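Student: If you want the building blocks of each chain, they are given just below.
Number of protein chains: 2
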Amino acid sequence: MDKFMQSAIEEARKGLAEGGIPIGSVLVKDGEIVGRGHNMRVQEGDPMAHAEISCLKNAGRIGSYKDTVLYSTLMPCYLCAGAAVQFGIRKVIVGESENFHGAPEFMREHGIEVLDLGLEECKEMMGRFIRDRPELWYEDIGK
Amino acid sequence: MDKFMQSAIEEARKGLAEGGIPIGSVLVKDGEIVGRGHNMRVQEGDPMAHAEISCLKNAGRIGSYKDTVLYSTLMPCYLCAGAAVQFGIRKVIVGESENFHGAPEFMREHGIEVLDLGLEECKEMMGRFIRDRPELWYEDIGK
Chain A
1 MDKFMQSAIE
11 EARKGLAEGG
21 IPIGSVLVKD
31 GEIVGRGHNM
41 RVQEGDPMAH
51 AEISCLKNAG
61 RIGSYKDTVL
71 YSTLMPCYLC
81 AGAAVQFGIR
91 KVIVGESENF
101 HGAPEFMREH
111 GIEVLDLGLE
121 ECKEMMGRFI
131 RDRPELWYED
141 IGK
Chain B
1 MDKFMQSAIE
11 EARKGLAEGG
21 IPIGSVLVKD
31 GEIVGRGHNM
41 RVQEGDPMAH
51 AEISCLKNAG
61 RIGSYKDTVL
71 YSTLMPCYLC
81 AGAAVQFGIR
91 KVIVGESENF
101 HGAPEFMREH
111 GIEVLDLGLE
121 ECKEMMGRFI
131 RDRPELWYED
141 IGK
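Which chain is which? The protein sequence lines are A and B, in order. No gaps in the numbering here: position 66 of the first sequence is 66 in full-length UniProt numbering, and each next residue is one more. No gaps in the numbering here: position 49 of the second sequence is 49 in full-length UniProt numbering, and each next residue is one more.
Calculated from the structure, these hints are not laboratory results. Since we're looking at a predicted model, the values are computed, not measured. Virtual Cβ for every residue (Gly too), placed ideally from N, Cα, C. Hints are not guaranteed to be accurate.
With a straight-line cut-off of 35 Å between C-alpha atoms, the simulated DSBU-like cross-links for lysine-lysine are [as the list claims (entries may be wrong)]:
1. A:Lys91 with B:Lys143
2. A:Lys3 with B:Lys123
3. B:Lys91 with B:Lys14
4. A:Lys66 with B:Lys91
5. B:Lys123 with A:Lys66
6. A:Lys91 with A:Lys14
7. B:Lys29 with B:Lys66
8. A:Lys91 with B:Lys91
9. A:Lys143 with B:Lys91
10. B:Lys14 with A:Lys66
11. A:Lys3 with A:Lys14
12. B:Lys3 with A:Lys91
13. A:Lys29 with A:Lys123
14. B:Lys143 with A:Lys66
15. B:Lys29 with A:Lys14
16. B:Lys3 with A:Lys14
17. A:Lys14 with A:Lys123
18. B:Lys66 with A:Lys14
19. B:Lys123 with A:Lys14
20. A:Lys143 with B:Lys3
21. B:Lys123 with B:Lys29
22. A:Lys3 with A:Lys91
23. B:Lys66 with A:Lys143
24. A:Lys3 with A:Lys66
25. B:Lys66 with A:Lys123
26. A:Lys143 with A:Lys3
27. B:Lys14 with A:Lys29
28. A:Lys29 with B:Lys143
For each label pair, taking beta carbons as the anchor points, the in silico distance ranges come out as [to be verified]:
29. A:Glu44 with B:Lys66: 22 to 32 Å
30. B:Lys143 with A:Glu120: 32 to 42 Å
31. B:Glu135 with A:Glu44: 24 to 34 Å
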């Protein structure tokens, strides 16, 4: 498997071990991970700390995003897709979108290349979490 | 002036006094401020800490956003508009959009009522900041 997606999955598993929502993300620039993070809603009581937002926060002030690729274990929602659009990220690679449709059309309309790897490992991890903790999941996506 | 917008402006001025980007935001639910914040890019080195994101973070896990109104001194960008869309905020009131067009069409397409007050006080504060610190401003919007 793509080693960067593997790192995003590791982030998701860290979040799960902390009692959080298992979504992980890494930001890659010039072939190197410059930021990584996972959903921190539960851990920090922060509803904005989606995996991709945590990852981009942890990457810090890196300047231009035009040569970056954002990895996420799950298709980004409008919040995270909005970050990608606003900061000019050109490529987003996701683990799956079966458990959550997210906002791929919105990203594509803004010229972002969106690749969905459809990984069983991601589908299984997220699917199980949604079955186990539906209230937490629906809170996280504002439903 | 609208007292909630006045609070958002106070937040923006706090940010400016801290050496940051002068954009402020408050979240109102049932006629009361439940969250407030300002842009923290400089103060925390966090590129995701736009005013509206800081405000929503500070509001914490409030449950449903359907009866909330988000105030901002400046028209939200795609990141912050994405948050409003994802979490089901129904109304966004902004101080101005002359210094930054932002993403009002995107919010309106998703059923959000967007009100632009066109306030001179907001235009002047943001306009002066952009003239004084253009590099910081363009970094903040990913340009």
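Student: Against this structure, judge whether each hint is valid.
Tutor: Hint-by-hint comparison with the structure:
1. A:Lys91 with B:Lys143: The given pair, whose Cα atoms are some 17 Å apart, holds under the 35 Å limit.
2. A:Lys3 with B:Lys123: Answer violated: Lys3 of chain A to Lys123 of chain B is near 47 Å, above 35 Å.
3. B:Lys91 with B:Lys14: holds, 24 Å
4. A:Lys66 with B:Lys91: Roughly 32 Å separates the two Cα atoms, so the pair holds.
5. B:Lys123 with A:Lys66: With a Cα-Cα distance of about 30 Å, the restraint between Lys123 of chain B and Lys66 of chain A holds, given a limit of 35 Å.
6. A:Lys91 with A:Lys14: holds, 24 Å
7. B:Lys29 with B:Lys66: Holds: Lys29 of chain B and Lys66 of chain B sit about 9 Å apart, inside 35 Å.
8. A:Lys91 with B:Lys91: holds, 31 Å
9. A:Lys143 with B:Lys91: Status holds; Cα separation ~17 Å.
10. B:Lys14 with A:Lys66: The hint holds at about 32 Å.
11. A:Lys3 with A:Lys14: holds, 17 Å
12. B:Lys3 with A:Lys91: violated, 42 Å
13. A:Lys29 with A:Lys123: Distance ~26 Å between Lys29 of chain A and Lys123 of chain A Cα, so the pair holds.
14. B:Lys143 with A:Lys66: holds, 10 Å
15. B:Lys29 with A:Lys14: The given pair, whose Cα atoms are some 34 Å apart, holds under the 35 Å limit.
16. B:Lys3 with A:Lys14: violated, 43 Å
17. A:Lys14 with A:Lys123: holds, 17 Å
18. B:Lys66 with A:Lys14: Answer holds: Lys66 of chain B to Lys14 of chain A is near 32 Å, not above 35 Å.
19. B:Lys123 with A:Lys14: violated, 44 Å
20. A:Lys143 with B:Lys3: It holds: about 30 Å lies between the C-alpha atoms, which stays within 35 Å.
21. B:Lys123 with B:Lys29: holds, 26 Å
22. A:Lys3 with A:Lys91: holds, 16 Å
23. B:Lys66 with A:Lys143: holds, 10 Å
24. A:Lys3 with A:Lys66: holds, 21 Å
25. B:Lys66 with A:Lys123: holds, 30 Å
26. A:Lys143 with A:Lys3: Holds. Lys143 of chain A to Lys3 of chain A sits at ~33 Å (cutoff 35 Å).
27. B:Lys14 with A:Lys29: holds, 34 Å
28. A:Lys29 with B:Lys143: Within the cut-off at roughly 17 Å; holds.
29. A:Glu44 with B:Lys66: 22 to 32 Å: holds, 24 Å
30. B:Lys143 with A:Glu120: 32 to 42 Å: holds, 39 Å
31. B:Glu135 with A:Glu44: 24 to 34 Å: At roughly 30 Å between Cβ atoms, Glu44 of chain A and Glu135 of chain B fall inside 24 to 34 Å, so the hint holds.
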